[in-house]
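524 is the number that my numbering gives to position 436 of the first sequence; each next residue is one higher, with no gaps.
Please keep in mind that the hints were generated in silico from the structure rather than gathered at the bench. Glycine residues also receive a C-beta, built at the ideal position from the N, C-alpha and C atoms. Worth double-checking, as some hints may not be accurate.
DSSO-like cross-link-like pairs, simulated, lysine-lysine; straight-line CA separation at most 30 Å [as the list claims (entries may be wrong)]:
hint : residue 1 : residue 2
1    : 609       : 148
2    : 268       : 148
3    : 407       : 340
4    : 171       : 417
Simulated restraints, written as ranges between beta carbons of each label pair [unchecked claim]:
hint : residue 1 : residue 2 : range
5    : 345       : 490       : 15 to 23 Å
6    : 101       : 333       : 50 to 58 Å
7    : 337       : 229       : 38 to 46 Å
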Amino acid sequence: MRVTTSFPLGTLRDTPSEAEIISHKLLLKGGYIRRINSGIYAYMPIMLRVIEKISNIIEKELNNTNCSKLLLPQLHPAELWKKSERWEGYTAGEGIMFNLKDRQGKEFGLAPTHEEVITSIASEIINSYKQLPLCFYQIQTKFRDEIRPRFGLMRSREFIMKDAYSFHSSKKDLSSFYEKMEKAYENIFKNCGLNTVGVDADSGAIGGAASKEFMVTADSGEDSILFTESGSYAANIEKAVSLASKEIPLKKFHDEWIETPNQKSIFDICQNNNLDASQIVKVVIFIAKFEDKSEIPILACIRGDQNINEVKLFNLINKKYNSNLIHLKIVEDNSIINNNTTNFPLGFIGPDINDETIKINSNWEKSWLRIVDYSASSLSIFVSGGNKANFHKVFQTFSFIKEKFLISDIRNAKKGDLINIESNEELKEKRGIEIGHIFQLGQKYSEKLNAKFSDKDGQLKNLWMGCYGIGVTRIAQAAIEQNHDENGISWPIQISPFEILIIPTNLKDPIQKKLTEEIYKEFKSNKIDVLLDDRDDRAGVKFKDADLIGIPFQIIIGRDSINNEVEFFSRSRKSKIKIASKNLLDKFISESKVMYNKNS
RNA sequence: CGGGGCGUGGCGCAGCUUGGUAGCGCGGGUGCUUUGGGAGCACUAGGUCGCAGGUUCGAAUCCUGUCGCCCCGACCA
Numbered sequence: 089m090r091v092t093t094s095f096p097l098g099t100l101r102d103t104p105s106e107a108e109i110i111s112h113k114l115l116l117k118g119g120y121i122r123r124i125n126s127g128i129y130a131y132m133p134i135m136l137r138v139i140e141k142i143s144n145i146i147e148k149e150l151n152n153t154n155c156s157k158l159l160l161p162q163l164h165p166a167e168l169w170k171k172s173e174r175w176e177g178y179t180a181g182e183g184i185m186f187n188l189k190d191r192q193g194k195e196f197g198l199a200p201t202h203e204e205v206i207t208s209i210a211s212e213i214i215n216s217y218k219q220l221p222l223c224f225y226q227i228q229t230k231f232r233d234e235i236r237p238r239f240g241l242m243r244s245r246e247f248i249m250k251d252a253y254s255f256h257s258s259k260k261d262l263s264s265f266y267e268k269m270e271k272a273y274e275n276i277f278k279n280c281g282l283n284t285v286g287v288d289a290d291s292g293a294i295g296g297a298a299s300k301e302f303m304v305t306a307d308s309g310e311d312s313i314l315f316t317e318s319g320s321y322a323a324n325i326e327k328a329v330s331l332a333s334k335e336i337p338l339k340k341f342h343d344e345w346i347e348t349p350n351q352k353s354i355f356d357i358c359q360n361n362n363l364d365a366s367q368i369v370k371v372v373i374f375i376a377k378f379e380d381k382s383e384i385p386i387l388a389c390i391r392g393d394q395n396i397n398e399v400k401l402f403n404l405i406n407k408k409y410n411s412n413l414i415h416l417k418i419v420e421d422n423s424i425i426n427n428n429t430t431n432f433p434l435g436f437i438g439p440d441i442n443d444e445t446i447k448i449n450s451n452w453e454k455s456w457l458r459i460v461d462y463s464a465s466s467l468s469i470f471v472s473g474g475n476k477a478n479f480h481k482v483f484q485t486f487s488f489i490k491e492k493f494l495i496s497d498i499r500n501a502k503k504g505d506l507i508n509i510e511s512n513e514e515l516k517e518k519r520g521i522e523i524g525h526i527f528q529l530g531q532k533y534s535e536k537l538n539a540k541f542s543d544k545d546g547q548l549k550n551l552w553m554g555c556y557g558i559g560v561t562r563i564a565q566a567a568i569e570q571n572h573d574e575n576g577i578s579w580p581i582q583i584s585p586f587e588i589l590i591i592p593t594n595l596k597d598p599i600q601k602k603l604t605e606e607i608y609k610e611f612k613s614n615k616i617d618v619l620l621d622d623r624d625d626r627a628g629v630k631f632k633d634a635d636l637i638g639i640p641f642q643i644i645i646g647r648d649s650i651n652n653e654v655e656f657f658s659r660s661r662k663s664k665i666k667i668a669s670k671n672l673l674d675k676f677i678s679e680s681k682v683m684y685n686k687n688s
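Whole structure, please, built from the sequences with the hints as guidance.
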């Protein structure tokens with residue numbers, strides 16, 4: 089390709105002010121993407137080449153894993169999503185599905201994911217266990233109405249994703265295929281030249297049993313990963329389980345009541361009463377809203393120095409009430425408290441506050457769902473709210489509390505925690521960018537959508553399913569986050585828009601021009617992805633652009649053309665060598681081979 | 001959703017406090033010179049100052065409304 093005739097670069101002198109993180113800045117400055125609206129981007133020709141390289145790597149690996157590629161519609165009828173009981177959750181409230189009505193008034197959603205569509209197709213084409221296992225995948229644009237789009241392609245409202253869905257006759261077959269996919273994913277990311285780490289993850293709104301996320305580690309990542317140095321454990325913070333640090337034992341208080349005027353926070357109470365946060369049980373109030381519009385008030389109790397993990401709490405409640413929980417929200421607004429409760433001194437609530445505090449005319453269920461984290465339930469003596477304004481109380485363990493409560497893990501693991509009793513290994517923390525996620529869905533969707541097959545025993549059974557996603561555009565940006573320097577991007581060669589860039593410094597010189605054309609032709613005829621910067625610009629301009637767009641190798645044609653010599657520059661190593669033009673192709677082949685093999 | 005910030009040529013910004021009819025750098029075009037790390041000089045094109053009302057003789061500037069974008073937060077010390 090020639091820059092002047094077929095491949096305009098569109099690099100910018102200044103970075104648009106909207107960008108915050110380096111990869112986003114470089115994508116904009118390098119002319120890879122252009123913002124059309126919040127979270128909506130155009131992929132320019134140079135970007136599309138990156139996307140296609142990534143797609144090809146994915147395609148090759150999945151085809152080797154016996155997956156078949158197809159293309160599904162993006163406009164989904166509401167009825168399909170109502171069958172899986174996801175329509176409400178995905179459209180109402182903070183739902184992320186764009187939705188619309190056609191001229192007949194029929195409702196549609198713009199696909200954020202494709203379980204419904206693929207499952208309904210599978211139910212039609214799969215009749216017998218003999219056809220299984222099967223796995224379909226596609227690479228296409230997904231739409232998600234994110235609460236807050238940000239960081240360019242990292243969290244955009246329109247993005248390219250590879251999604252795959254597998255179908256099985258047994259749980260066992262699903263989990264063995266899941267393992268194959270895990271392996272395929274590792275290969276894909278390695279073949280993209282990325283360093284990734286696989287972590288245990290929450291399966292979130294998609295639902296299902298086992299689930300693993302693949303993370304590119306980067307400081308700008310939106311997720312927290314907890315892991316052990318030895319690699320024995322790695323999990324997303326949403327999912328991570330650990331042992332809370334030991335509490336500082338509370339000395340016996342002679343008084344049951346502690347006067348705590350205006351001391352509503354853990355910090356205030358500790359400061360004023362010579363207590364440690366680990367000696368206090370804090371009670372956080374949530375309201376759980378269900379699909380059938382019912383609302384259950386929650387008292388979540390946890391040791392004062394620990395934090396509640398809302399994802400764990402959500403999943404726990406969801407499971408208890410058969411998956412109809414839409415929304416879980418902290419209640420801290422006084423007006424909500426006043427409208428629904430009576431005699432409820434916010435800031436001084438204890439785990440034993442009685443059910444009569446909920447007003448008769450409130451929408452809320454008339455008893456508190458009390459959930460106690462292990463960190464709190466294991467305390468033999470602790471301080472908590474006295475259920476009386478300006479008073480806290482000393483409790484002698486939860487077993488003395490007459491109200492019913494549920495004990496579970498609703499705590500955020502944190503760095504420094506031990507992973508379990510037997511091990512001395514401490515958790516460390518890093519930020520990560522989620523670029524892939526695999527799930528064992530089980531039979532959740534096949535049940536709801538009535539997707540059955542005839543098994544060996546002649547019985548109709550629900551299909552077992554897995555689903556597997558990769559953020560294609562997110563990989564591109566994550567790769568930059570991992571591979572850049574002060575001058576710009578430095579692509580891994582596997583996903584670079586071109587393998588090599590030819591920079592003639594002065595095309596008015598007929599000798600340089602002739603040599604440039606010869607080299608360009610030679611590379612092209614050897615099927616090498618080569619870009620020729622044939623612009624009539626000063627050398628400095630081309631060098632700056634070259635470093636910015638980050639193609640891994642540059643050939644600089646200049647003064648030494650007269651001796652048939654050029655320079656060969658490695659972007660990542662920043663090393664420049666002089667070389668005879670006849671040896672150039674061999675040099676490139678051997679150098680690029682090293683680079684291709686380094687990560688794959 | 002809550003809080004903060006910002007909307008002025010393609011990009012980055014100034015001007016707004018104290019109203020007088022829009023400016024700088026980069027980028028674009030033309031010409032000459034230059035030519036190995038974002039060249040110099042000269043000329044030049046390009047903006048209903050986000051939008052709508054209002055105040056005023058006069059509004060980018062003041063007032064009201066509205067739309068959009070960006071950032072932070074959404075149990076916490």
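Checked hints:
no.: 1; hint: 609 <-> 148; verdict: 29 Å, holds
no.: 2; hint: 268 <-> 148; verdict: 14 Å, holds
no.: 3; hint: 407 <-> 340; verdict: 39 Å, violated
no.: 4; hint: 171 <-> 417; verdict: 26 Å, holds
no.: 5; hint: 345 <-> 490: 15 to 23 Å; verdict: 19 Å, holds
no.: 6; hint: 101 <-> 333: 50 to 58 Å; verdict: 52 Å, holds
no.: 7; hint: 337 <-> 229: 38 to 46 Å; verdict: 57 Å, violated
In the structure shown, a violation is registered for the earlier hints numbered 3 and 7, in ascending order.
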